[in-house]
Every structure is written in C-alpha cells, then in structure tokens.
Amino acid sequence: MSAVAEKVISVQDVAIYQDKTLVLDQLQFDIHQGEFVYLIGKTGAGKSSLLKTLYGELPLMKGQISIAGTSLMKLKQKEIPALRRQLGIVFQDFQLLTDRSVHENLRFVLKATGWKNKEEIQQRIEEVLGLVGLPTKDFKMPHELSGGEQQRVVIARALLNKPAIILADEPTGNLDPDTSQEIMKLLIRISKEQNTAVLMATHDYMIIERFPARLLKCEGGKVIDLGGILF
76 MSAVAEKVIS VQDVAIYQDK TLVLDQLQFD IHQGEFVYLI GKTGAGKSSL
126 LKTLYGELPL MKGQISIAGT SLMKLKQKEI PALRRQLGIV FQDFQLLTDR
176 SVHENLRFVL KATGWKNKEE IQQRIEEVLG LVGLPTKDFK MPHELSGGEQ
226 QRVVIARALL NKPAIILADE PTGNLDPDTS QEIMKLLIRI SKEQNTAVLM
276 ATHDYMIIER FPARLLKCEG GKVIDLGGIL F
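Our numbering puts the first residue of the sequence shown at 76, with every later residue one more than the last.
Read the hints as simulated data drawn from the structure, not as lab findings. Among the hints, a few may not be true.
Calculated pairs, BS3-like style, for lysine-lysine (alpha carbon to alpha carbon, straight line, at most 27 angstroms) [as the list claims (entries may be wrong)]:
| id | residue 1 | residue 2 |
| --- | --- | --- |
| 1 | Lys193 | Lys215 |
| 2 | Lys153 | Lys191 |
| 3 | Lys95 | Lys292 |
| 4 | Lys137 | Lys127 |
| 5 | Lys82 | Lys137 |
| 6 | Lys149 | Lys82 |
| 7 | Lys292 | Lys137 |
| 8 | Lys193 | Lys82 |
| 9 | Lys186 | Lys237 |
| 10 | Lys117 | Lys292 |
| 11 | Lys95 | Lys137 |
| 12 | Lys137 | Lys260 |
| 13 | Lys292 | Lys127 |
| 14 | Lys149 | Lys193 |
| 15 | Lys191 | Lys297 |
| 16 | Lys193 | Lys237 |
| 17 | Lys151 | Lys215 |
| 18 | Lys82 | Lys292 |
| 19 | Lys117 | Lys95 |
| 20 | Lys237 | Lys260 |
| 21 | Lys82 | Lys127 |
| 22 | Lys151 | Lys237 |
| 23 | Lys297 | Lys149 |
| 24 | Lys297 | Lys117 |
| 25 | Lys260 | Lys82 |
| 26 | Lys127 | Lys117 |
| 27 | Lys151 | Lys127 |
| 28 | Lys153 | Lys117 |
| 29 | Lys117 | Lys260 |
| 30 | Lys237 | Lys153 |
| 31 | Lys82 | Lys267 |
| 32 | Lys151 | Lys137 |
| 33 | Lys260 | Lys95 |
| 34 | Lys237 | Lys191 |
| 35 | Lys212 | Lys260 |
| 36 | Lys117 | Lys151 |
Distance ranges between label pairs, derived from CB positions [claimed, not checked]:
| id | residue 1 | residue 2 | range |
| --- | --- | --- | --- |
| 37 | Lys117 | Asn249 | 35 to 45 angstroms |
| 38 | Phe104 | Pro134 | 29 to 39 angstroms |
| 39 | His278 | Gly302 | 16 to 26 angstroms |
| 40 | Arg264 | Gln197 | 16 to 26 angstroms |
The structure presented is a predicted model; accordingly, all values stated were derived computationally and were not measured. C-beta: ideal position from N, C-alpha, C; glycine also.
Please take these sequences and the hints and turn them into a complete structure.
Okay, here's the thing in structure tokens:
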C-alpha cells in the first residue's frame with residue numbers, strides 16, 4: 076500500500092446502534108485505497124451491524140463516517156443507491172436472482188444503477204466475468220454453478236461499478252476449504268490489481284493465517300485495530 080494512498084473509509088467517534096441498542100461505541104479507524112482488512116470478533120460482537128451501517132442499511136446515529144467522499148451522517152434514503160454504487164457488497168449466501176442467468180443478474184444491477192448503453196453494459200459484464208475467471212459462464216443459471224462459481228459471480232457483481240471498496244460479509248462461510256482459498260486469492264488479487272480496498276468480516280482463522288493482513292477486532296463494544304501485515 077502506498078504511503079500516500081487516500082482514505083476510502085474514515086470512521087471518527089462513531090457509535091453503532093441496532094434498533095435502539097448500542098452495539099459498538101467510540102469507533103475510530105481509517106481504511107485506505109487498495110488495503111485489505113479483516114473484521115473479526117465473536118458472533119454478536121457487532122461485525123454485521125458495522126457493515127450494515129457502512130452500506131446504509133442501518134442509519135448512522137452518532138459520529139462521522141465518510142466512504143469514498145460520501146458522508147453517512149444525515150444520509151437520506153434516496154441517497155443510499157448512490158452510496159452503494161461506490162461500494163461492492165459480497166454476502167455469504169450469494170443473493171443471486173435464481174430465475175435469471177449470470178448475464179441477466181449482472182445486467183439487472185447495471186440497469187438499476189443507471190447504465191443505459193447496451194454496448195457499454197455488455198462490455199462491462201464481459202470485463203468483470205473475465206476478472207473473476209468466468210468468461211464463458213454468462214449464459215448459466217445460478218443453480219448450474221458450484222458454490223465457488225456463484226461466489227465469483229457475486230464478486231463480479233460487486234465490481235460492476237468499479238467500487239472504491241468491497242465489503243465482504245463471511246464470503247467464504249458457505250465454501251469448502253479449497254474453494255475458500257481460491258476466493259481469497261481472487262479478492263486479494265482484485266485488491267492489488269484494481270487498487271480496491273477490501274473489508275472482510277470472517278470467523279475463519281485458518282484463512283487469516285494463510286493470508287495475513289490488517290485486523291480490526293470487534294470486542295467488548297469497541298473495534299480494536301490489531302495491525303498486522305498489509306498487502
């Protein structure tokens with residue numbers, strides 16, 4: 076990571092609430108362009124609540140969060156789609172549209188985020204499928220793909236709008252160890268080659284040992300920066 080890499084996420088004196096319950100307090104950390112960061116902690120420690128706040132599903136009640144230049148304080152409902160165009164979101168359970176082909180899943184997202192030109196849509200779909208190693212799978216239905224291939228499609232979907240950061244919530248949680256390693260290699264390569272920051276929540280300490288990076292730990296209502304090796 077370059078010493079002058081710009082901040083993609085800046086979190087200053089933030090409290091995270093789930094409904095009216097305080098989950099995390101006094102959060103203070105930055106994530107820079109192209110940086111790979113793990114978010115760890117026990118179940119219920121606040122990892123998912125933090126991610127949901129970052130992508131606008133939970134409102135920011137206290138403090139300042141800036142993502143790719145967008146302030147989340149006083150973020151209006153109608154502004155959330157624009158925020159999410161700055162983000163790529165990768166879920167554990169894929170959340171692909173099961174009644175549509177890979178191509179139609181990706182086209183749906185592009186159309187929903189304002190793309191209109193057919194040639195540009197086609198070109199971008201081909202680009203992201205190439206990036207994730209699935210250049211010939213565009214016609215397949217999700218159920219015809221392995222779990223690893225489905226997660227690659229999810230990552231392709233996350234890359235469509237050239238996000239500043241990917242937020243990944245347990246992206247290897249439903250995958251076997253070998254497939255998990257392949258997905259990790261892909262996310263790390265994207266982080267390096269596309270200069271895209273990645274914040275990945277995980278319980279998988281074998282993955283962290285195999286692919287060490289900076290660690291943020293949710294514990295005791297706080298987020299502790301444990302440092303670590305940066306890619």
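For each hint, the structure was consulted:
no., hint, verdict
1, Lys193 / Lys215, "holds, 20 angstroms"
2, Lys153 / Lys191, "holds, 20 angstroms"
3, Lys95 / Lys292, "holds, 23 angstroms"
4, Lys137 / Lys127, "holds, 15 angstroms"
5, Lys82 / Lys137, "holds, 20 angstroms"
6, Lys149 / Lys82, "holds, 21 angstroms"
7, Lys292 / Lys137, "holds, 20 angstroms"
8, Lys193 / Lys82, "violated, 34 angstroms"
9, Lys186 / Lys237, "holds, 15 angstroms"
10, Lys117 / Lys292, "holds, 9 angstroms"
11, Lys95 / Lys137, "holds, 12 angstroms"
12, Lys137 / Lys260, "violated, 36 angstroms"
13, Lys292 / Lys127, "holds, 16 angstroms"
14, Lys149 / Lys193, "violated, 35 angstroms"
15, Lys191 / Lys297, "violated, 43 angstroms"
16, Lys193 / Lys237, "holds, 18 angstroms"
17, Lys151 / Lys215, "violated, 37 angstroms"
18, Lys82 / Lys292, "holds, 20 angstroms"
19, Lys117 / Lys95, "holds, 21 angstroms"
20, Lys237 / Lys260, "holds, 19 angstroms"
21, Lys82 / Lys127, "holds, 19 angstroms"
22, Lys151 / Lys237, "holds, 23 angstroms"
23, Lys297 / Lys149, "holds, 23 angstroms"
24, Lys297 / Lys117, "holds, 12 angstroms"
25, Lys260 / Lys82, "holds, 23 angstroms"
26, Lys127 / Lys117, "holds, 17 angstroms"
27, Lys151 / Lys127, "holds, 15 angstroms"
28, Lys153 / Lys117, "violated, 33 angstroms"
29, Lys117 / Lys260, "holds, 24 angstroms"
30, Lys237 / Lys153, "holds, 21 angstroms"
31, Lys82 / Lys267, "holds, 16 angstroms"
32, Lys151 / Lys137, "holds, 15 angstroms"
33, Lys260 / Lys95, "violated, 39 angstroms"
34, Lys237 / Lys191, "holds, 16 angstroms"
35, Lys212 / Lys260, "holds, 20 angstroms"
36, Lys117 / Lys151, "violated, 31 angstroms"
37, Lys117 / Asn249: 35 to 45 angstroms, "violated, 20 angstroms"
38, Phe104 / Pro134: 29 to 39 angstroms, "violated, 20 angstroms"
39, His278 / Gly302: 16 to 26 angstroms, "holds, 20 angstroms"
40, Arg264 / Gln197: 16 to 26 angstroms, "holds, 24 angstroms"
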